[in-house]
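Given chain G, work out where chain Z should sit, using these hints.
Residue-level listing of the chains:
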Amino acid sequence: MRFEGTLARRYIFSQKRHSLLTVCSITIAVAMMAMIFILVQTMFASERTHIINTEMPFHTVLLSEKVIPESLLDELRASPAIADCGYFEPDQYYTPEKPGRYVEYSPMKSVYNYYLAYKKYSEEELAALSDPGSAESRELRMQSGSSVIRVPEKGAKPVYINYAFRLKEGMMEPYSVVTDAINNAGLSGEIHQLRNDELIIFDYIGMDGKFSMAMMFTLVFVLVVLFAMALRMVIDTAFEISSRERERQFGVLQSIGATKKQIVRIITREGLQLSVIGVPLGLCLGIGFAYLTYRVVLSTKVIYWTWGEHGMDDVIFKVGAGGLITAAITGLGWVLLSAYGTGLRMVKKKAPIEAVRASQSKIRKVKKHSVFGLLFGWVGALAARNVRRSKKRYVVTILSLAVSVTLVATVSYAADSYRRIATAAVSEFGAVTGVECQMMIEGYADSIGKDAGKQLEKELSDTGYFKSARVLYGVYGGEKLSRVDNPEDIPEAAKAQADENYSLPEMGGMYYFIYLNEEDYNNYFDGEPQISYQELTQSRRYVLITGKQLPAPETLPIHDNRLTVALSAIVPLSDERRAEKVAEWEAQQEEKRKAAEAEGEEYEPEADGPHFFTSFVGWDAEKKQPIEADGEIVNKAFTAEIAGQQSKKSTLFTEYGITFLVSTVDVYMENEMLTSLQHAEYTFALDFKDDDSYSAALEWIKTHPRYQYEEHEDYYSMVRQIETGTAAVDLTIRVLSLLISMIAAVSMINVISTGILNRRSELAGMQSVGMTRRQQLGLVLCECVQFVIGGIVLALVFTMGAVFAMRKLVNAVGLPELADQLGLTYTKPLPVIGIAAVCAFAVAVIAALLPLGRMQREPIVESLRGFD
Amino acid sequence: MELLKMEHLTKIYGKGENEVRALDDVSFTVPKGQMLAIIGPSGSGKSTLLHIIGAVDRPTSGKVYLNGEDVFARKDEQLAIFRRREVGLIYQFYNLIPVLTAEENMTLPMIMDGKKPEKAAVDKMLDQMGLLQRRNHLPSQLSGGQQQRVSIARALFNMPSVILADEPTGNLDSKNSREIMELLRQLNHDFGQTMLIITHDENIALLCDRVIAIEDGRILRDELTGRASRTEEQAEEGEDNAV
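From first to last, the protein sequence lines are chains G and Z.
Heads up, the first sequence is in this note's numbering, so the first residue is 1 and it goes up one at a time.
Heads up, the second sequence is in this note's numbering, so the first residue is 869 and it goes up one at a time.
Worth double-checking, as some hints may not be accurate.
What the hints assert, rightly or not - Below, in silico cross-link-like pairs of lysine-lysine (DSS-like), each with a Cα-Cα straight-line distance of 25 angstroms or less:
#: 1; chain 1: G; residue 1: Lys391; chain 2: G; residue 2: Lys367
#: 2; chain 1: Z; residue 1: Lys931; chain 2: Z; residue 2: Lys900
#: 3; chain 1: Z; residue 1: Lys987; chain 2: G; residue 2: Lys367
#: 4; chain 1: G; residue 1: Lys367; chain 2: G; residue 2: Lys392
#: 5; chain 1: G; residue 1: Lys689; chain 2: G; residue 2: Lys467
#: 6; chain 1: G; residue 1: Lys467; chain 2: G; residue 2: Lys702
#: 7; chain 1: Z; residue 1: Lys983; chain 2: G; residue 2: Lys367
#: 8; chain 1: Z; residue 1: Lys883; chain 2: G; residue 2: Lys16
#: 9; chain 1: G; residue 1: Lys318; chain 2: G; residue 2: Lys168
#: 10; chain 1: Z; residue 1: Lys873; chain 2: Z; residue 2: Lys931
#: 11; chain 1: Z; residue 1: Lys984; chain 2: G; residue 2: Lys367
#: 12; chain 1: Z; residue 1: Lys983; chain 2: Z; residue 2: Lys943
Stated by the list, open to error - Across the chosen pairs, the derived CB separations fall in these ranges:
#: 13; chain 1: G; residue 1: Arg10; chain 2: Z; residue 2: Ala941; range: 38 to 48 angstroms
#: 14; chain 1: G; residue 1: Gly834; chain 2: Z; residue 2: Arg926; range: 38 to 48 angstroms
#: 15; chain 1: Z; residue 1: Met1027; chain 2: G; residue 2: Leu374; range: 23 to 33 angstroms
#: 16; chain 1: Z; residue 1: Arg1086; chain 2: G; residue 2: Leu336; range: 53 to 63 angstroms
#: 17; chain 1: G; residue 1: Arg854; chain 2: Z; residue 2: Ser929; range: 20 to 30 angstroms
#: 18; chain 1: Z; residue 1: Ser929; chain 2: G; residue 2: Val276; range: 40 to 50 angstroms
#: 19; chain 1: G; residue 1: Val793; chain 2: Z; residue 2: Phe896; range: 56 to 66 angstroms
#: 20; chain 1: G; residue 1: Arg9; chain 2: Z; residue 2: Gly998; range: 46 to 56 angstroms
No wet-lab data here; the hints were simulated from the structure.
For every residue, glycine included, the Cβ atom is placed at its ideal position computed from N, Cα and C.
Chain G extracted, bound-state conformation (with noise of 0.2 angstroms):
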């Protein structure tokens, strides 16, 4: 044994260059599978701590008003499900995710900050929020939204009683254990459950987990197994060329009684003591690009467009022991492998005198005419044979080549139609969706009236973030004022006396007003409205939009032209309606629960509910008043003109009866009859100036409770998001493409430095016969030239290969289309493909002067002695 590690040591320090060119290889490949492990879990430890900080860092999460019962805490604590539960009522909670540092962490003050953050509720709501046993705080908690967690400002008041738990990962269903639980006690009705669904699946708790991560994993699997091909390639090329070159001495070696299996060992030993070198090197290079990669990512602002300023903080870059380690490990069963199987090979039914003889080249035969020879004369030729000398060679470098050009072709082609697309929906946004700013926020004045609207608008350009901040239309409370918004919410006599005197009996009865700016207006009608926007301005009248054409007009309680309707306020339920809803809503769900049970199955309580909406309100014609229904009134007749009547069928129309009243905002805004109202709502349209400007008007927004902010209305947001997925789509792209390119030109440095040294002495044999530096020079450029051309012209063959089967894929599935859209053209990939062959030359024609270049320096003499 001593004497083969002797023997590869000796061979690692006599043959510098391929040693170099080996550790090199062993260097990238462990390089390349340390920086895909990293990228890989820091991508999931940050994903893990954004869910923990914008959700919370709990498994599930219980709240209460009232203390739970300790019989139920000892059960879950004793659960083989349960890893961890804890109460916390004071402001500090400390979480092993954050260790060293406390997490300040309620569910009931992150409802309570969700509420105050999104406006959900006015400030009265929210401080009722803090008496728990009032009915509106219960409501209000039971609403949809109420299971948004956030991590909550410092010093808000804890108002629920929590307690917070941690799943174990071993079991299929750990959830359903908690829910169990609390359903067997007969507290499901008091104790609401939160669950962390995206912390249980990155946590791999349950059968959710297990198999979301399992495809997880399965992706990346795909992903390494790839690159662990192609970089198993490189390797193996690396001692392919190192040990041909012994040959002979491998010959002399069996020729003195050493034995295959002691050759095989000399070649694995060499390996090892190689790898020593290269894995350790590969691993910081790998940590290295792997830094570089999410330094750039930060960079890019995708995360900030992705997770929000605050998701900056998110992201962990995670260098951890385990992909360290599997990195290494799999390079160095790289090295063992390709050692072993080059050693194999090696020995593989040859005599030693075989081997011995193998300083010349076992040619049995060549291809006397070529192209090149044609086209280059005799160096052309001599090239041509010499690039064909080996053909398993010649064709792994050319394949390797055309796979890596093809696949840099394919991603960069899917990144071009990605992109594509994307840009088309960026320009197309406003024109898709109909929407020419950048976001709508609405936003509150304290009184009505075109100055309140005004005042507004011009607070917000004084703030200096807006290119242009105007009021886009108003609604102005009007719409609020007249909306119905659930009909069945309509006591019946209400509703039966409305219908009786206010309404067209044929079209159910109901009046919805729109109030629209001169634009809105038009495109409302299509461009052709009956009367025009100015000339309803004037007659301060509307245009009755009836769905229908309306029946003979005696039948109608329209006279003159003239339709009686009320306005009324948004009024909440009355506490006894309220109190009804609740009721009805609760014996709902238990009735639900008990209907589960009964199936078996397991019943999850709905976090969303009751609903409750605001009420329609008619008017009394003969008493001259507002009809009295549930909740205040605080309204007054109005008689609307009709200076139209126009069919337009309508959602509204068809499944509630709505009839609508179209009017313009300056009739709107004229009308006295609306003084008494407390307050208006706008819509502002809003441009900003740039990031920074959005940022920090976002900001600006969100701490003025006027205004509010709807993440649906954040076209700007929206738009860079799209911008920055198809930079990081780019951008994922081009570090594929540079790893691709990283193995391609590796391999093909091996392949033709490897291939000019092992000709060393046959090219100074050449020159000892009077070939000049030059001609070397021609040849050695013209065997560049064929290989790069091999590999080109197969990748052309491929790639067109791969267009031709996505064409007809398109079109096989029926959307002949798509191909445009994406642009599936044969010509697309020419030009990557024609830089690719332009890079690959240029790494050629270094892979093979550099040494030619150190050969040409040396004595002839020296050469000639070859490795001997």
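The following block gives chain Z in isolation, referenced to the frame of chain G:
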């Protein structure tokens, strides 16, 4: 007529303690048409001397003149052309290009020179070397003796001023060795080629006109053999044949 002139040739490898003096102030001349054997033990410097004369290595000091011209006054590019046109090198291990056929190997120096070999000349040379039936064979398809013949043919085909053979029979059996030496002798006789042959074999050396013995980089002995008297005559005949 003096063809080659070596003046105080010294070749030193390594430095300091590792310094090896392969050639130590070697001077001699070689007349045109002479067949000279250089003998000496292993490491005596004979191969180094041959490589320097063939311009594949440079001396540490001293000069080599061919036809009165300083060989190493040339630049690298010119030196390659010099090797191509003026020198024919024959190696012990042939150093043939494995991807070229016997004929292509033979004509390679001329092709490198941008000249097209005449078919008649090629056929004549191949015939003379006994390679006519092997002209399209690759080196791997030839025996050692045949490969050496190709190597000799390559050295000779461009009609260089001098042929340098580094143990041309070192890798051959006695039959092939004898044949190769007879061939070289014949060529020397027919074409009047000046030849420098390195050998271990005293018998082979005795087939030459002159023998120089080298040891430790110095000329130990320089003497003419019985064949030397015919050198001038052969040279004249060789010139006639070449023409």
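Each hint, compared with the structure:
{"no.": "1", "hint": "Lys391(G) x Lys367(G)", "in the structure": "12 angstroms, holds"}
{"no.": "2", "hint": "Lys931(Z) x Lys900(Z)", "in the structure": "18 angstroms, holds"}
{"no.": "3", "hint": "Lys987(Z) x Lys367(G)", "in the structure": "21 angstroms, holds"}
{"no.": "4", "hint": "Lys367(G) x Lys392(G)", "in the structure": "16 angstroms, holds"}
{"no.": "5", "hint": "Lys689(G) x Lys467(G)", "in the structure": "5 angstroms, holds"}
{"no.": "6", "hint": "Lys467(G) x Lys702(G)", "in the structure": "19 angstroms, holds"}
{"no.": "7", "hint": "Lys983(Z) x Lys367(G)", "in the structure": "22 angstroms, holds"}
{"no.": "8", "hint": "Lys883(Z) x Lys16(G)", "in the structure": "22 angstroms, holds"}
{"no.": "9", "hint": "Lys318(G) x Lys168(G)", "in the structure": "24 angstroms, holds"}
{"no.": "10", "hint": "Lys873(Z) x Lys931(Z)", "in the structure": "8 angstroms, holds"}
{"no.": "11", "hint": "Lys984(Z) x Lys367(G)", "in the structure": "20 angstroms, holds"}
{"no.": "12", "hint": "Lys983(Z) x Lys943(Z)", "in the structure": "22 angstroms, holds"}
{"no.": "13", "hint": "Arg10(G) x Ala941(Z): 38 to 48 angstroms", "in the structure": "42 angstroms, holds"}
{"no.": "14", "hint": "Gly834(G) x Arg926(Z): 38 to 48 angstroms", "in the structure": "45 angstroms, holds"}
{"no.": "15", "hint": "Met1027(Z) x Leu374(G): 23 to 33 angstroms", "in the structure": "29 angstroms, holds"}
{"no.": "16", "hint": "Arg1086(Z) x Leu336(G): 53 to 63 angstroms", "in the structure": "54 angstroms, holds"}
{"no.": "17", "hint": "Arg854(G) x Ser929(Z): 20 to 30 angstroms", "in the structure": "26 angstroms, holds"}
{"no.": "18", "hint": "Ser929(Z) x Val276(G): 40 to 50 angstroms", "in the structure": "46 angstroms, holds"}
{"no.": "19", "hint": "Val793(G) x Phe896(Z): 56 to 66 angstroms", "in the structure": "58 angstroms, holds"}
{"no.": "20", "hint": "Arg9(G) x Gly998(Z): 46 to 56 angstroms", "in the structure": "48 angstroms, holds"}
Hint compliance for this structure: every hint is met.
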